[in-house]
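Starting from the given sequences, assemble the full structure and let the hints guide the process.
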Amino acid sequence: MSPIVASIIKGTVALLWVVLNALFLVWFERKVAAWIQNRMGPMRVGRWGWAQTIADGIKCLMKEDIIPLAADKPLFVIAPMVSVASAVLIWIVIPFGPGKSGVFSDLPIGIIFIAAVTSLSVVAVFMSGWGSNNKYALFGAMRGAAQMISYEVALVMSILGVVMLAGSLSLQDIITRQTEAGILGWYLFRQPIAFIIYVIAALAELNRAPFDLMEAESELVSGYHTEYSGLRWLLFMLAEYGHMLAWSAIAASLFMGGWTGPGLGALAGRIPAFDLFNYGIWPYLTGFFWFAFKTYLFIFLAMWLRWTLPRVRIDQLMDLGWKFLLPVSLVNIAATAVLANVWGWYAK
Amino acid sequence: MQSYLPLLIYLALVAFVAVVLSLAGGFLGPKKPEEHKYQAYESGYPTAPLMGRFPVKFYMVAMLFVIFDVEAASFYPWALQLRQLRVFGLWEMVAFLAVLAVGYAYVWKKGGFSWK
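Protein sequences appear in the order of chains A and B.
Residue numbering for the first sequence follows my numbering, starting at 7 and increasing by one per position.
Residue numbering for the second sequence follows my numbering, starting at 24 and increasing by one per position.
Among the clues, some could well be false.
Unchecked claim - Calculated cross-link-like contacts (lysine to any residue; reagent style SDA-like; alpha-carbon spacing at most 20 Å):
1) Lys-141/A - Glu-225/A
2) Lys-139/B - Glu-225/A
3) Lys-329/A - Met-86/B
4) Lys-79/A - Leu-44/B
5) Lys-69/A - Glu-58/B
6) Lys-132/B - Phe-81/B
FYI, nobody ran anything at the bench for these hints, they're computed from the structure.
Below, the structure is given as structure tokens:
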């Protein structure tokens with residue numbers, strides 16, 4: 007199979023993965039919200055409302071395509087595409103399983119690639135807000151851009167601690183290095199401060215409550231996508247859930263050992279027949295299971311926080327980002343460097 | 024170079040799907056043009072075009088971002104080489120952080136981080 011055909015197949019799989027998960031996540035988020043607020047959530051379409059998102063998606067497909075006259079048409083049209091592109095492209099470097107076959111393309115610059123691609127979502131937000139030529143959209147976009155670039159600094163700094171210990175930018179290397187010292191080798195335990203900063207900053211990057219200032223519906227109608235409807239709006243939603251999935255998967259990979267975890271093959275010493283689980287497709291299935299499990303842990307955390315915490319004010323947001331997270335992450339880097347030199351952390 | 028070729032293909036694929044999806048809206052949906060549909064959203068009232076001025080604090084945040092993101096980017100090569108650099112790398116980082124801390128303290132004192 008030529009590498010081009012292989013890439014096209016892999017790209018399609020990545021796209022499908024994001025779309026299917028987004029479909030599920032919308033339903034899941036509505037159910038989680040409902041449980042937290044002591045109600046039922048969607049119940050009508052299918053059992054427990056499982057087909058609700060599909061029905062909503064088809065409805066959005068059948069809506070009239072409206073572009074406001076005042077809008078800057080090229081910007082308005084391209085913005086959702088940029089948003090989706092950044093949500094899908096991240097998946098190229100995130101490993102689902104062991105080895106070279108476990109990841110779409112294990113770039114040696116994985117972390118830098120992630121930082122670069124996710125920054126595109128700021129561009130998309132600003133394009134849509136500016137292109138809409140509507141005051142709510144522009145306010146939302148301005149706030150969103152300010153918030154996302156502020157927290158991006160802290161985010162990149164927190165990942166730096168992990169990179170220092172792993173000595174590599176490739177996610178596959180970072181994951182395997184974590185497992186060398188068992189579960190305590192997880193960077194969740196070796197970089198707890200970086201982990202907390204990462205979670206807070208990633209929530210802010212995602213513009214989810216308590217940091218959802220850019221679509222604060224009580225003041226800004228719907229923020230940057232106020233003017234969007236039908237399919238273009240659907241693309242924004244797809245990108246939003248795609249980003250949430252991606253940030254959760256990155257958290258799982260950087261701090262919780264990614265796809266690594268015990269499989270049935272570990273029991274081969276006791277039950278010889280289980281040895282077959284160590285070969286063929288089985289390691290990939292176990293890897294995928296653990297990957298999905300850890301990713302969904304983070305997604306559930308994000309949803310839990312969204313539906314329990316109130317929205318912060320913008321000055322609180324900026325203070326938290328610039329006056330707290332940034333200095334703390336710098337101190338964390340210095341402390342990690344010193345500890346790594348004194349105790350030789352990266353030796354193991 | 025080989026490992027970066029798939030990137031271009033993924034990009035083309037995503038762009039293709041996004042364009043097709045965006046165009047599909049025009050084909051699938053009804054078309055009943057009506058003047059008010061195409062106005063900017065303002066609860067049904069006609070609204071003036073946007074004003075051309077914006078608070079300068081957004082510009083400040085953008086400048087700070089450029090400074091600190093470039094500085095974060097310059098940390099990465101150092102972090103990768105930390106294993107080889109050992110104690111020398113530690114001192115290099117101390118010097119770099121000291122310079123950075125002066126700038127950071129200055130911006131803080133000038134109120135660059137305050138959102139007022």
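Check whether the Cα positions of Lys-139/B and Glu-225/A lie no farther apart than 20 Å.
This hinted pair holds, its Cα atoms lying about 19 Å apart.
Between Lys-79/A and Leu-44/B, is the straight-line Cα distance small enough, at 20 Å or below?
Satisfied, since the Cα-Cα distance of roughly 17 Å is no more than 20 Å.
Would the pair Lys-132/B and Phe-81/B pass a check requiring their Cα atoms to be no farther apart than 20 Å?
holds (18 Å)
For the pair supplied as a hint, Lys-141/A and Glu-225/A, is the alpha-carbon distance within the 20 Å limit?
Given pair Lys-141/A, Glu-225/A holds - Cα atoms ~11 Å apart, limit 20 Å.
Hey, Lys-329/A versus Met-86/B, does the alpha-carbon distance stay inside 20 Å?
holds (16 Å)
Given the hint that Lys-69/A pairs with Glu-58/B, does the C-alpha gap stay at or below 20 Å?
This hinted pair holds, its Cα atoms lying about 17 Å apart.
When held up to the earlier numbered hints, the structure conflicts with none and fits them all.
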